[in-house]
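2 protein chains.
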Amino acid sequence: MKLSFQKNDLLSTLQVVGKAVASKTTLSIMECILVDATEGQIRLTGNKNDFGIESICPGDILEPGKIALEARLFQEIIKRLPQTEGKNILLSTEENGNCTIQCEKSVFKIMGRNPDEFTSLPSVEKQEIVEISQLSLRNMINQTIFSTASGENNKKMTGEYFEIIDNQFSITALDGHRIAIRKTELSESYDNCSAIVPKEVLSELSKIISGGLEDKVEICFSKQYLQFSFEDTIVVTQLVEGEYFHVRQMLSSDYETKIRLNRKQFLENIDRARILARDNDKQPLILKIEDQSLSLKIVSDIGRMDAEMPVQQEGKDLLIGFNPTYLMDALQNIEEEEVDLYFTISRSPVFIRDQEESYNYMILPVNFNAEAVG
Amino acid sequence: MKLSFQKNDLLSTLQVVGKAVASKTTLSIMECILVDATEGQIRLTGNKNDFGIESICPGDILEPGKIALEARLFQEIIKRLPQTEGKNILLSTEENGNCTIQCEKSVFKIMGRNPDEFTSLPSVEKQEIVEISQLSLRNMINQTIFSTASGENNKKMTGEYFEIIDNQFSITALDGHRIAIRKTELSESYDNCSAIVPKEVLSELSKIISGGLEDKVEICFSKQYLQFSFEDTIVVTQLVEGEYFHVRQMLSSDYETKIRLNRKQFLENIDRARILARDNDKQPLILKIEDQSLSLKIVSDIGRMDAEMPVQQEGKDLLIGFNPTYLMDALQNIEEEEVDLYFTISRSPVFIRDQEESYNYMILPVNFNAEAVG
Chain A
0 MKLSFQKNDL LSTLQVVGKA VASKTTLSIM ECILVDATEG QIRLTGNKND FGIESICPGD
60 ILEPGKIALE ARLFQEIIKR LPQTEGKNIL LSTEENGNCT IQCEKSVFKI MGRNPDEFTS
120 LPSVEKQEIV EISQLSLRNM INQTIFSTAS GENNKKMTGE YFEIIDNQFS ITALDGHRIA
180 IRKTELSESY DNCSAIVPKE VLSELSKIIS GGLEDKVEIC FSKQYLQFSF EDTIVVTQLV
240 EGEYFHVRQM LSSDYETKIR LNRKQFLENI DRARILARDN DKQPLILKIE DQSLSLKIVS
300 DIGRMDAEMP VQQEGKDLLI GFNPTYLMDA LQNIEEEEVD LYFTISRSPV FIRDQEESYN
360 YMILPVNFNA EAVG
Chain B
0 MKLSFQKNDL LSTLQVVGKA VASKTTLSIM ECILVDATEG QIRLTGNKND FGIESICPGD
60 ILEPGKIALE ARLFQEIIKR LPQTEGKNIL LSTEENGNCT IQCEKSVFKI MGRNPDEFTS
120 LPSVEKQEIV EISQLSLRNM INQTIFSTAS GENNKKMTGE YFEIIDNQFS ITALDGHRIA
180 IRKTELSESY DNCSAIVPKE VLSELSKIIS GGLEDKVEIC FSKQYLQFSF EDTIVVTQLV
240 EGEYFHVRQM LSSDYETKIR LNRKQFLENI DRARILARDN DKQPLILKIE DQSLSLKIVS
300 DIGRMDAEMP VQQEGKDLLI GFNPTYLMDA LQNIEEEEVD LYFTISRSPV FIRDQEESYN
360 YMILPVNFNA EAVG
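If you read the protein sequences in the order shown, they are chains A and B.
Each residue of the first sequence is one higher than the last, beginning at 0 in numbering that gives the first Met the number 0.
Each residue of the second sequence is one higher than the last, beginning at 0 in numbering that gives the first Met the number 0.
If you're looking for bench data, these hints aren't it; they were derived computationally from the structure.
None of these values were measured; they are calculated from a predicted model.
Certain hints may be false.
Since the list gives no way to pick one copy over another, a pair counts as held whenever it fits inside one copy or between any two copies.
Think about it this way: if two alpha-carbon atoms lie no more than 30 Å apart in a straight line, the pair counts; the simulated BS3-like pairs of lysine-lysine are [as the list claims (entries may be wrong)]:
1. LYS6 x LYS263
2. LYS6 x LYS78
3. LYS1 x LYS108
4. LYS104 x LYS287
5. LYS78 x LYS263
6. LYS78 x LYS287
7. LYS287 x LYS6
8. LYS315 x LYS104
9. LYS23 x LYS206
10. LYS23 x LYS287
11. LYS78 x LYS281
Let's have the full structure, built from the sequences with the hints guiding it.
Structure representation (structure tokens):
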């Protein structure tokens, strides 16, 4: 095999497919990137346990062939080669797997791996293909993913729930203490479909779909896999098995108290309070809503903080406690200057949502001893 | 005690004295900052095992007094208070050590520590006071400190050697494999004096002397301590005991081979070579000087790299091996576009130095098996 590349083309393709390369495994072929130039295009593939990325790299095929190369080493070499304009990076392999990477007067010789050991991506049987803007998908993932669980206790909580109903696309994440939902309207209607997508894949995906509102991603739903296609790249992931939680039953639009407040000011007050909860994440932040005003209070072994800010209050007064970090996570992922919070009683969750429910963040309250915090 | 501050004044003073606060100790008073407003000024002090920093903070003394406050907590609170223009931060303490920090509608109550437990800085008996620009001192420290040793095997190697001879000020660091020396001319002459300064202190000091060429530091030499004074701040450090190495005997200005080369190009080639030495820092980079050209070669379990670059050669051809990281460290701390390297034989060190010896970096070579690397 003999290929020539321009440095930046090869480097950016490696950075994309490198997201699906295992970093420490016992199966060392999973630490490799497959370079396949047998079918008229130079196709690079990374394939981890549960997801894989394939991307076409611009370049010239001087002699077809394929090889698997250790991803980290391959990337480091390309990154450090001289920055030149032309297709000056020459990658060539011999029968025995010896691989030479040359650029101007720098020559690397490393050992390649047998490309036949490499597991190729599953071919996805296409059921429904949905088109969405890269910007929307990226934002929706980033604005919900913090609400997934990390442990292995409940596998379904470690994924995000993708759901299409007509022309509505929503992403839901929950971890047992909170729910995050983002919804958007698609430009056309589709058959209803859904999938639980592992969060790890989405976290990597959100880094490589860097396009804007006009750039599209195709999401292809199938029984066992989800496939994302955009530009010269496809990402294929296994799905989390099982039926997702019945989230709609946990939501409610009734409320007894509604406050509208300045999001940034609220965030700054919560951030202050968190200083005193640093050694104990369970220390509740207590909110007191009364007379168009919100008081915040936290009491811990370290000390005590009191703060106060004006709000537009509708309905009853209320005293309620929350994990301050959960409040921050939700508020940091909203862009609006003013937000609405909906409460019922002190044992019921708060909902932070807009009119159209393009976002809806639910957070369960925390019990506290009202006497002790004076 | 009752004091009022402007947020930025207090925050920047805390960041300075905070450099001399222990982060995890059994003596928890060493994790504190002393606030002393008993003598007409607000003096903040941090004092670690072997060095301390004291700085005057602008502010109003409404009621004199002193208190010790946990440094990290104190900093975090001030950092997160509202950003206001006036002296709106109010710090007040009660007899029992209760401390209130208030800014607008945010109020923190934390426990202070007994200020009498706090060890004050030693008073330094002034022998010789040397004045140098903040910029020069900062650069000289940063450009040599990488050559100090980290272990406890040889305490003297963990410090930097400060030496004044007439109007010459030099800083020397060595770790058994290499020596780094930076020298500068002072604006006047002083009595000869010297000290071995712990590198940890210098590393923190270089972060807080942020001034330019016109801003001065006074270095006060005494038997047991060194004191740096600048603006409203003093830094006092214990010295490393003992006599420093006789470095002058290790230097030599004779050479058999001299090459002048482009520093950046050399650095890029070394950086490339280091990819293949990543699992084994001892893997030598082999330099071959011949016919006005420098070949670089490295061979490891991972693979092999060859590169070549033009040099201006004077004297004999040479084949010699080095730890690539040591070469990089020295070259990265030189600003000149072109540098001169002086060699004698393959078992003798290289010297990278300029004409005036404002810098002189010595690196010992590494043995290698010339056969094996073909």
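*Which holds for LYS6 with LYS263 at a C-alpha limit of 30 Å: within a copy, between copies, both or neither?*
This pair counts as between: shortest inter-copy Cα distance 19 Å, intra-copy 43 Å.
_30 Å Cα threshold - placement of LYS263 relative to LYS78_ = Between copies, since 16 Å is at most 30 Å while 40 Å is not.
_At most 30 Å between CA atoms: does that hold for LYS78 and LYS281 within a copy, between copies, both, or neither?_
between (45 Å within a copy, 23 Å between copies)
*Is the C-alpha distance from LYS23 to LYS287 at most 30 Å within one copy, between copies, in both cases, or in neither?*
neither (49 Å within a copy, 37 Å between copies)
*asked:* I want to check one pair: LYS78 and LYS287. Are their C-alpha atoms no more than 30 Å apart within a copy, between two copies, both, or neither?
replied: Between copies only: 25 Å across chains, 55 Å inside a chain, cut-off 30 Å.
*Intra- versus inter-subunit Cα pairing at 30 Å for LYS1 with LYS108*: Within one copy, since 14 Å is at most 30 Å while 70 Å is not.
*How would you label the pair LYS287, LYS6 (within, between, both, or neither) given a Cα cut-off of 30 Å?*
Between copies, since 28 Å is at most 30 Å while 59 Å is not.
*With 30 Å as the alpha-carbon cut-off, assign the pair LYS104 and LYS287 to within, between, both or neither.*
between (70 Å within a copy, 15 Å between copies)
*Given a CA cutoff of 30 Å, do LYS23 and LYS206 count as a within-copy pair, a between-copy pair, both, or neither?*
Within. Shortest intra-copy distance 21 Å satisfies the 30 Å Cα cut-off; inter-copy 37 Å does not.
*Using 30 Å as the alpha-carbon threshold, which applies to LYS6 and LYS78: within, between, both, or neither?*
For LYS6 and LYS78, the Cα distance is within 30 Å only inside one copy (8 Å; across copies 44 Å).
*How would you label the pair LYS315, LYS104 (within, between, both, or neither) given a Cα cut-off of 30 Å?*
between (76 Å within a copy, 24 Å between copies)
Checked against the numbered hints above, the structure breaks only hint 10 and satisfies the rest.
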